[in-house]
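**Student:** Kindly generate the complete structure, drawing on both the sequences and the hints.
Protein chains in written order, with the working numbering: chain A, 1 to 324; chain B, 1 to 257; chain C, 1 to 263.
Watch out, some of these pointers could steer you wrong.
Straight-line distance between alpha carbons at most 30 Å, and here's what the computed BS3-like set of lysine-lysine pairs gives [stated by the list, open to error]:
id: 1; chain 1: A; residue 1: Lys18; chain 2: B; residue 2: Lys168
id: 2; chain 1: A; residue 1: Lys78; chain 2: B; residue 2: Lys168
id: 3; chain 1: A; residue 1: Lys180; chain 2: A; residue 2: Lys254
These are computed hints drawn from the structure, not numbers from a lab.
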Amino acid sequence: MAAIETKQLAREFEGGIKAVDGVDLDVAGGEIYGFLGPNGAGKTTTVRMLTTLLAPTGGSATVAGFDVAAEPGEVRRKIGVALQEAALDPLMTGRELIHLQATLHGLPRERGDELGDALLGRVGLTQAADRRVGTYSGGMRRRLDLAAALVHEPSVLFLDEPTTGLDPVSRQAIWEEVEKLNAEGTTVFLTTQYLEEADQLADRVGIISAGRIVAEGTPAALKSEVGKPHLELSLVDQHGREADCERVLARFGKPLPAKDGKLLVELEHGTSEVGPIVVALDEAGLAVESLDLVQPSLDDVFVAKTGEHLEGAEEAPADEAIAG
Amino acid sequence: MSARQSGGAIRVLMRRALNEITRVPGAAIPGVLAPSIFFLGLTSVFGSLTLLPGFDTQSYQSFLIPVSLMQGAAFTGAATGVNLARDIEQGWFDRLLASPAPRPVLLAGLVLSASFRALIPATFLLIVAFAIGAEWPGFGGLALALLIVMGMAIVAATWGTSLAMRFKSQSAAPLMQAGMFLAVLLTTAYAPLELLQGWLQEIARINPVTQVIEAARQGFIGEDVTWAGTWPGLLALAGLAVLFTWMALRAMRRMTA
Amino acid sequence: MSGRLAANARVVAALGARSVRQTLRRPQLAAPLIIFPTLLLAIQTGGAGGAVDLPGFPEVNGFLDFMLAGAMVQSCLLAGNSGGIALALDIEMGFTDRLFAAPVSRYSVVLGRLAGTTVLGAFTAVWFIAIGLISGATIEEGVLGAIWIIALVAATALAFGSIGAAIALRTNSASVVQGLFPLVFVILFLSSAFFPANLMLEPAASVAEYNPLSFIVEGLREPILSSFDGEDELLALGSVLALMAFGLWMCALALKGRVRRGA
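**Tutor:** And the structure:
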């Protein structure tokens with residue numbers, strides 16, 4: 001059964017603004033689906049509809065098998081929600097928040113306490129559990145928000161920009177937790193404006209622009225749509241030996257114009273050719289000084305589909321470096 | 001959700017709302033002081049009104065205590081609306097809306113916490129009033145007044161929260177406060193009906209809160225508390241509470257529409 | 001020298017305009033200044049209007065005529081309070097620091113805020129005169145009386161604004177200034193703003209006899225109820241100027257203190 005399924009989902013606001021304009025989604029159980037787009041593209045509006053916080057004005061959506069418009073109560077029982085800009089009460093302690101969330105889901109007190117302790121431990125907040133949220137750092141707040149979304153063991157978890165504004169260490173901690181949850185069987189619907197986040201976490205990515213899905217697929221498939229990976233290399237004592245090198249490289253793919261003194265070749269058959277190339281160069285008596293495999297990034301996909309760069313694009317180290 | 005689960009949810013939501021005054025140093029002070037300051041001020045300023053022919057109560061303090069009690073309850077209720085507007089602006093309320101707790105449960109937590117919070121300024125006011133010599137209203141009169149305080153706070157809180165959910169902004173705060181301010185004072189608050197100016201007399205006659213104040217006033221002005229003097233006030237409270245609760249629940253449904 | 005003076009005058013004007021816009025655009029800020037005093041005026045006139053029949057009540061056309069001056073000073077006190085809150089918020093948000101870092105006098109920055117409060121004071125005077133005239137009150141002293149009232153109310157707003165600003169500059173905390181809100185009503189109730197002092201109950205009556213706010217109220221009230229009374233007007237003006245001098249001096253001290261503390 002699909003965990004999330006939408007058909008021509010749409011939301012029009014007063015004044016005729018179509019924030020979401022006919023979105024079809026089909027997210028399988030156990031999948032991590034990354035919803036990628038710049039601010040104002042319709043990500044948050046879509047999430048608000050899927051989490052029953054906003055009624056669609058067109059199309060339909062089911063989450064965990066229940067219709068968001070007709071059976072919102074059932075949907076709410078099945079989903080966990082951690083919304084953007086973690087709405088937490090600074091006056092409450094972490095433990096109190098978890099307790100409140102458990103009670104709102106109708107869990108008996110003992111079960112709530114038990115689960116709360118386990119969850120706070122899981123996100124590394126046991127020490128801070130009885131401190132007020134107002135004293136927490138940004139990363140701690142997001143982890144608490146994540147824990148709060150999990151008290152009722154939801155089958156579908158919605159994370160709206162879970163790491164926006166976090167430092168790399170805190171971001172990594174959230175990613176690891178999301179991967180662990182997913183490994184335990186939770187379906188994750190994740191919105192982000194960070195390419196790196198979608199690349200690392202998502203099984204499949206949907207790119208939304210101006211209220212419509214403009215591309216969808218696995219990160220690798222999307223990237224291969226816009227281009228093939230290429231190899232950048234330089235040689236020891238390179239001067240005068242470029243021509244020899246290019247002859248070798250031409251056996252593996254189309255040579256590209258050199259850039260910054262580096263020789264480039266597009267790989268017809270992907271990363272599996274890296275090994276044979278090194279061997280062939282070695283056999284030709286050419287010692288490799290450095291070697292980089294450059295993948296097309298999701299930003300390239302985004303530019304190809306929408307003509308714009310994503311806002312978080314510069315933060316994504318899309319290159320995979322291979323030591324030479 | 002079962003009744004027990006709902007009760008639990010209402011309890012945690014009430015406790016959370018109480019944090020606003022128990023965990024913010026000094027936050028409770030203006031709300032607690034204001035009704036007493038108005039009480040002391042208005043009795044000092046307008047105390048001679050009892051000398052007017054037709055003013056049967058000898059002590060203006062006794063006459064005004066129930067008005068100040070209602071003001072305290074009304075402001076506490078309106079503050080609940082202002083706090084909710086802030087919670088909506090900041091996204092906290094989405095957390096509650098995305099939970100499967102029934103919508104009336106979410107409202108009840110807010111509204112009932114207001115009804116208990118309102119007892120704090122009321123108690124302080126009564127201590128001040130008795131300290132400066134206000135007459136003891138009898139246990140029946142006192143219990144009725146406190147019950148009405150809680151009822152008035154519920155009315156004000158449902159009014160305030162319905163506006164908060166309608167406007168989703170703290171800019172609506174003056175509307176929440178002014179509405180309750182007028183409801184309590186466009187009554188026989190300052191003087192008996194016959195001594196009010198013509199236009200105010202007309203309004204006070206049809207304003208249901210007049211009945212509420214008259215019911216709460218019985219014991220304080222030395223009358224016996226009677227059912228005949230009580231039921232119109234209780235009926236007015238119930239009617240207003242039902243009306244505003246309906247408005248609030250409708251506004252809550254529209255938030256996710 | 002005159003160039004610098006002109007530059008500072010432009011700063012005062014720009015900041016004054018900002019503070020007036022800020023107040024009128026936000027219902028939360030405008031309501032306490034105008035709407036609540038107006039509602040209270042209506043309710044007290046309707047509820048306590050019978051008081052004019054009390055023995056010892058001054059000769060008036062109506063209770064509303066008597067109450068107008070009280071409503072005006074109430075607005076001035078609240079304008080001073082909310083001006084202080086707005087300044088403290090600016091300090092909390094760092095806006096004031098940005099202005100202090102600019103090559104203009106720090107006094108101009110504070111005077112800009114006070115200019116805004118003064119304009120709001122004049123506006124409330126016009127508002128209450130209009131409300132009064134529409135509702136059947138008369139200003140016995142005529143146009144000249146109205147002009148005098150507007151000027152005196154504007155000066156009163158400046159005086160209370162400077163006290164509010166001094167507290168904001170000293171505490172840097174909007175919630176502290178906000179917490180002084182109930183004090184506004186203590187001062188009002190201990191004056192003749194709402195009732196003749198001779199008919200008030202003790203001990204408030206005795207305090208009201210010497211409360212400078214009472215002097216200001218009487219100075220506003222005379223031209224409405226009958227005619228200019230030289231002694232009352234001088235007392236009112238003296239009280240306003242004394243309060244203003246005190247408030248501005250406090251502001252100057254607070255500003256000097258900030259420089260010393262490096263804030």
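**Student:** Next step is simple, just say for each hint if it's right about the structure.
**Tutor:** Do the hints match the structure? See the list:
1. Lys18(A) to Lys168(B): holds (21 Å)
2. Lys78(A) to Lys168(B): holds (27 Å)
3. Lys180(A) to Lys254(A): violated (41 Å)
Comparing the model with each numbered hint stated earlier shows that hint 3 is the single one that does not hold.
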